[in-house]
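For reference, each letter of the sequence shown is one residue, going 1 to 95 in our numbering.
The hints are simulated quantities; they were obtained by calculation from the structure and are not laboratory data.
We put the CB at the ideal spot given by N, CA and C, even for glycine.
A hint or two may mislead.
To be verified - Listed next, with one range per pair, are the computed distances between beta-carbon atoms: (1) 73 <-> 8: 36 to 44 Å; (2) 83 <-> 11: 27 to 35 Å; (3) 33 <-> 60: 14 to 22 Å.
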Amino acid sequence: MQVEIADGNIIIDANLLAPLLQVAAAEVPALMRAQAITSICERGIEEHEGHFRLSFFYRNRRVRLRVDPMGRILQRMTVDFGDRTLPAQLRRPGP
Numbered sequence: 001m002q003v004e005i006a007d008g009n010i011i012i013d014a015n016l017l018a019p020l021l022q023v024a025a026a027e028v029p030a031l032m033r034a035q036a037i038t039s040i041c042e043r044g045i046e047e048h049e050g051h052f053r054l055s056f057f058y059r060n061r062r063v064r065l066r067v068d069p070m071g072r073i074l075q076r077m078t079v080d081f082g083d084r085t086l087p088a089q090l091r092r093p094g095p
């Protein structure tokens with residue numbers, strides 16, 4: 001499993017996240033500690049109870065994963081702004 005959900009914690013395999021953010025998997029932990037890679041975790045409510053939307057930001061990219069209660073990835077989306085800076089509104093929780 002590439003996304004593990006247990007005891008209120010979510011663990012994501014760096015090998016999943018790295019290519020989506022265009023970095024080496026070995027660099028992911030250090031980039032997260034340095035807050036170069038940042039994230040937002042949103043919990044589903046009502047009919048989406050138990051689901052999560054996980055957003056990761058690095059430089060000009062946003063990666064969003066929607067996962068079910070078992071950690072299965074239901075949807076993945078990447079936004080890449082190329083040479084432009086990622087707009088601030090894409091760094092917030094969203095619909």
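Hint check results:
{"no.": "1", "hint": "73 <-> 8: 36 to 44 Å", "result": "20 Å, violated"}
{"no.": "2", "hint": "83 <-> 11: 27 to 35 Å", "result": "33 Å, holds"}
{"no.": "3", "hint": "33 <-> 60: 14 to 22 Å", "result": "21 Å, holds"}
Hint compliance for this structure: hint 1 is the single one not met.
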